[in-house]
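If you read the protein sequences in the order shown, they are chains A and B.
full-length UniProt numbering puts the first residue of the first sequence at 1, with every later residue one more than the last.
full-length UniProt numbering puts the first residue of the second sequence at 1, with every later residue one more than the last.
It is worth saying that the hints were derived from the structure and are not from the lab.
Some hints could be false.
Any copy will do: because identical chains look the same in the list, a pair fits if it lies in one copy or spans two.
[As the list claims (entries may be wrong)] Derived DMTMM-like pairs: lysine to aspartate or glutamate, alpha-carbon spacing no greater than 20 Å straight-line:
| # | residue 1 | residue 2 |
| --- | --- | --- |
| 1 | Lys-172 | Glu-219 |
| 2 | Lys-104 | Asp-120 |
| 3 | Lys-72 | Asp-200 |
| 4 | Lys-72 | Glu-219 |
There are 2 protein chains.
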Amino acid sequence: MDAVRNHICHAFGDLEREAVYDAIFSRRDVRSHFRSDPIDDVVLARLLAAAHHAPSVGFMQPWDFIVIRDQKRREAVRDLFLAARAQELPHIAEERQALYRKLKLEGICESALNLCITCDRQRSENSPLGRWHNPQMDLFSTVCAVQNFWLAARAEGIGVGWVSILDAGSLKDLLGIPDHVVPVAYLCVGHVREFAVQPDLERNGWASRLPLRDLVMSERYAGTGEDALKAAASAITGKK
Amino acid sequence: MDAVRNHICHAFGDLEREAVYDAIFSRRDVRSHFRSDPIDDVVLARLLAAAHHAPSVGFMQPWDFIVIRDQKRREAVRDLFLAARAQELPHIAEERQALYRKLKLEGICESALNLCITCDRQRSENSPLGRWHNPQMDLFSTVCAVQNFWLAARAEGIGVGWVSILDAGSLKDLLGIPDHVVPVAYLCVGHVREFAVQPDLERNGWASRLPLRDLVMSERYAGTGEDALKAAASAITGKK
Numbered sequence: 001m002d003a004v005r006n007h008i009c010h011a012f013g014d015l016e017r018e019a020v021y022d023a024i025f026s027r028r029d030v031r032s033h034f035r036s037d038p039i040d041d042v043v044l045a046r047l048l049a050a051a052h053h054a055p056s057v058g059f060m061q062p063w064d065f066i067v068i069r070d071q072k073r074r075e076a077v078r079d080l081f082l083a084a085r086a087q088e089l090p091h092i093a094e095e096r097q098a099l100y101r102k103l104k105l106e107g108i109c110e111s112a113l114n115l116c117i118t119c120d121r122q123r124s125e126n127s128p129l130g131r132w133h134n135p136q137m138d139l140f141s142t143v144c145a146v147q148n149f150w151l152a153a154r155a156e157g158i159g160v161g162w163v164s165i166l167d168a169g170s171l172k173d174l175l176g177i178p179d180h181v182v183p184v185a186y187l188c189v190g191h192v193r194e195f196a197v198q199p200d201l202e203r204n205g206w207a208s209r210l211p212l213r214d215l216v217m218s219e220r221y222a223g224t225g226e227d228a229l230k231a232a233a234s235a236i237t238g239k240k
Numbered sequence: 001m002d003a004v005r006n007h008i009c010h011a012f013g014d015l016e017r018e019a020v021y022d023a024i025f026s027r028r029d030v031r032s033h034f035r036s037d038p039i040d041d042v043v044l045a046r047l048l049a050a051a052h053h054a055p056s057v058g059f060m061q062p063w064d065f066i067v068i069r070d071q072k073r074r075e076a077v078r079d080l081f082l083a084a085r086a087q088e089l090p091h092i093a094e095e096r097q098a099l100y101r102k103l104k105l106e107g108i109c110e111s112a113l114n115l116c117i118t119c120d121r122q123r124s125e126n127s128p129l130g131r132w133h134n135p136q137m138d139l140f141s142t143v144c145a146v147q148n149f150w151l152a153a154r155a156e157g158i159g160v161g162w163v164s165i166l167d168a169g170s171l172k173d174l175l176g177i178p179d180h181v182v183p184v185a186y187l188c189v190g191h192v193r194e195f196a197v198q199p200d201l202e203r204n205g206w207a208s209r210l211p212l213r214d215l216v217m218s219e220r221y222a223g224t225g226e227d228a229l230k231a232a233a234s235a236i237t238g239k240k
């Protein structure tokens, strides 16, 4: 974390580089393995500092972090989740509804705490650098903060689950979030008994990992080529 | 990257954990320090594998990766950037326009290659798990892929700059991107002479890093409390 070291340290050493990839490849969307023991405030502060060092459009830093510990409030969020889930179910293809019902999709009450990461859309009203053409960039910056938080948490042995099956309006009412602020991510955060080897949805047969080489395009959409790159991609992802 | 190790390796060791934080804290939005030497395909494949292991709603994996190397095409994208920049300038507060004009905001032609990361909004049409209430979740998943790519690149000593000052429609025309696909991020990617100690916009006085403690809220929006967490946050971020 030392500025001088960062300046000098160009590419990381092999061990450090592997650690970054380990965090990326072994990060999981945790639903089922939360323990209830608390997270040390110093550790949680490190995770929030990681989130706060995400890139942001025009250095806007549009995020805020609502820490939710109260069990009653969490139960109210869980009720919102259950209602939203019942609303989503009919939109899932019929042959998959049985599987959908079986999936555990949240850990709101079991985790050590919940965290709502929000985006304040008015934070840099007079200097919308980089947002005139793409006004969603502030939301995207906030998502980068979520991903930083998630990867740092993995390195700390802390699991994170992103609950996206929620009605944003109801959540805003419950947490007193004003109109100009968007709740981008509602996260369950806590120590875990284990990190699963595969994503839950992959293990349960909901979907398979797509072959990386099929996602690489050359020069334009669906452009063929990049054979050497695709071969290298297959060699790497075949090992995992 | 070994599955068994990931399963057992709960929290990382101190050195590995610090490496993850180093990547997060020393990642930069690179504009000015690109070298022109090529990126090894094996390294680029690792970066793409990192992106491909981002979380995605319903394990949808909505991303594709368009690799752009051709100089003529890059010059055409640069022209789009220059036109977009001229359009954005009048929307910047008058007293900041001189600074805006001085800022270098892209490295489209100088970097080793460009990468457009797109989101295919139709990839899982019959199983919109987690997207019924928040249809933007597939875009957010794609942003998580961008951030994975960016952090892995930092560990490899490779710089990334996100060009958001672009008209999406013009870019789609240029790259032949169909209607149902969104170009989420246009990235300049390449080896760099250095990673700056501070973000460019901070060094140039565009904006300052906000105090982390001011962004922490308790139980509800703007809720006071979490004093111990805030003190820990100040102790950490004060050092950086």
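Worksheet item: Tell me, which hint numbers fail for this structure?
Response: Violated hints: 2, 3; rest satisfied.
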